[in-house]
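Asks: These are the residues of each chain, in order.
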Amino acid sequence: MIGGSPWTRRLLATVGVLALVFLTVPIVIVIPMSFSSAKSLTFPPPGFSLRWYETLFGNPRWMEAMWTSTVVAVISSIVALVLGALAAYGLRRGSFKGRDWAEGNFMAPLIVPTIIAAIALYLGLAKIGLLGSFVGLVVAHTILNVPLVMMVMGVAIREFDQRIEQVAWSLGASWSYTVRKVMLPNLAPSVFAAWVFAFIGSFDEVIVTSFIAGKYETVPKKMFNELILEVNPTITAVATLLIVLTVLALAAVVMILGRAGKLKPTLV
Amino acid sequence: MSDIRLEGVSKRYGTVAAADNVDLNVTQGEFVTILGPSGSGKTTLLSLIAGLNKPTAGKIFIGGRDVTDAPAQQRNIGLVFQSYALFPHMTVLENVMFPLGVRKITGEAARTQSLEALKLVRLEGLHDRRPSQLSGGQQQRVALARAVVFKPDILLLDEPLGALDRKLREELQVELKQLQRTLGVTTLLVTHDQEEALSLSDRIMVLNHGQTQQVAAPTEAYLKPANRFVAEFLGIANFIGIDGGRTGLVRPERVKLSPAGMNGGTPAKVVEAIYLGQMVRYHLELDGGAAPMVAAVPFVGRAFTAGEKVSVSWDATDLWPVA
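Residue numbers (the numbering used here), protein chains in the order written: chain A, 1 to 268; chain B, 1 to 323.
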């Protein structure tokens, strides 16, 4: 990358900048549109107003979707955090037969196309009678977000000197005491990052949710449905809120991991 | 305070034996070193005794109690690693108080006991620092204090001085020996450094490919090695053909040099003379095509120089037959 002739470097830079523009322009356009005074989606906006935010917060169905999204994201991210962290611990510290197979199994939701995961979850949840239920929704989001937690926690655990744990055991500390008093205080930044990724992962999820949520509407699912029915500027207000949430959460992760000196290229 | 006993301990990984039918007795208060090259299985052996790993065969006793299946938590051992393995988020004092907290000793009693342990390792006035603010030597003292503060039955040290520079290492060797004697704690140290093994231990166990080569006092292992491997691993070895096709060992310090033609002896040429402070080490080429020899002679006044002709001899009692 660093090498090469000035021409290839210039070309690389151009392509990079164009890709960045391509990715950020929709975001940059959506935000001013949400503050537009126009009745329909127009750009540039003819004037400034908060009417779409008023519509959004005044609409009980949007509020309900937000509540559903928040509750599902909170529960599923915490469950995914606990399960994913334990799985990462077992995979990084254990040496048992079929470890690679187990890791592949846990990581699968991240690797297989989401639509395949959606169909699998649809059939699986239908079989156990949880299709269209709130519990089913939480279970699905948990399964989808475990790989994210495992990736972040796996790196953190691998980089934590195992001998520190072993010394704690030799000094008489039980496994759970060691996890609470030795591991967690040192891995806290990564735990926080993993939780944020799982939370955002759940809050943003639309494909699987559309398949299995039944009457429950999450924010992205409602956005998708609204777009099909009518193009309403309310959606730009929702989008702006989602962008702000994501950017703030990621900024918090970068800040905390950066302070702990744990910011690795693999995480960003 | 306890003794350690290993009976036929083996640890296999597939077809590789990291420990192969090892027997060992460490008596109460003794300082024993497990010495071997990397990959000899010495660290595996220590992890088996610490309870971090389970043997595939054999039994381990600490203080007469069979601990073969007991987890590390129930063995009451002090463990020190080369990497210090201090808890990074705790202060020096919190690190040392950790094993006491686990044992429900808290408050003023824990504090007093921990400060005493820190005094014992000569690390005072730094107890509010974090490990990252300490030098390597200081960190290792904290690790030692943490390992002895709760009066463990045995002390296990895994290359504890390996990460330190030479001068500090020698300093800490003396202190470690003193600490061990003061506490009278049964100690097992693992190292690949033969000098460390020779200077610290009551007895040395030499290990290679997971198998015991010899268990003996340092002087005995050095001068009367059980085999060629021990002879070569513990220091420079001169092998000399003796009658009956057998081989004998003479250590460089036992080789005598005199000016050519004096005292009989074998004529030889000095290939290299290396001045080491108290000693001069000579690399010698013997007349008649015998294997080259090394002699280490105290430096008094004048040394032989490279190319000089000398006469080499040794006492028959300094010749030790090896297989």
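Just so you know, the hints here were simulated from the structure itself, not pulled from any lab data. These figures come from a predicted structure and were not determined experimentally. It cannot be assumed that every hint is accurate.
Covered stretches of chain B, going by a simulated chain A footprint (3 or more residues, C-beta under 8 Å) [to be verified]: (1) 29 to 36; (2) 82 to 92; (3) 98 to 105; (4) 208 to 222.
Counterexamples of contact, computed for chain B against chain A with all Cβ distances above 10 Å [claimed, not checked]: (5) S10; (6) T15; (7) N76; (8) I77; (9) L79; (10) H127; (11) S135; (12) R146; (13) L156; (14) E253; (15) P259; (16) H283; (17) G289; (18) V322.
Using N, Cα and C, we set each Cβ at its ideal position, and we do this for glycine too.
Asks: It remains to establish, for every hint, whether it holds in the given structure.
Replies: Hint check:
1. 29 to 36: n = 0 at 8 Å, threshold three: violated.
2. 82 to 92: holds (count 6)
3. 98 to 105: Three-residue rule met by the region 98 to 105 of chain B, so holds; n is 4.
4. 208 to 222: With 0 residues closer than 8 Å to chain A, the region 208 to 222 of chain B misses the three-residue bar; violated.
5. S10: Fine: 18 Å to the nearest Cβ keeps B:S10 off the interface.
6. T15: holds (16 Å)
7. N76: Given that some Cβ of chain A is not farther than 10 Å from that of B:N76, nearest at about 7 Å, it is violated.
8. I77: violated (5 Å)
9. L79: violated (4 Å)
10. H127: Given a closest Cβ separation of 18 Å, the condition holds.
11. S135: holds (18 Å)
12. R146: Its Cβ does come within 10 Å of chain A, the nearest being 7 Å, so this is violated.
13. L156: About 8 Å separates B:L156 from the closest Cβ of chain A, which leaves it inside 10 Å; violated.
14. E253: Fine: 38 Å to the nearest Cβ keeps B:E253 off the interface.
15. P259: holds (56 Å)
16. H283: Holds, because the least Cβ-Cβ distance between B:H283 and chain A comes to about 41 Å, which exceeds 10 Å.
17. G289: holds (51 Å)
18. V322: holds (38 Å)
Checked against the numbered hints above, the structure violates hints 1, 4, 7, 8, 9, 12, 13; every other hint is satisfied.
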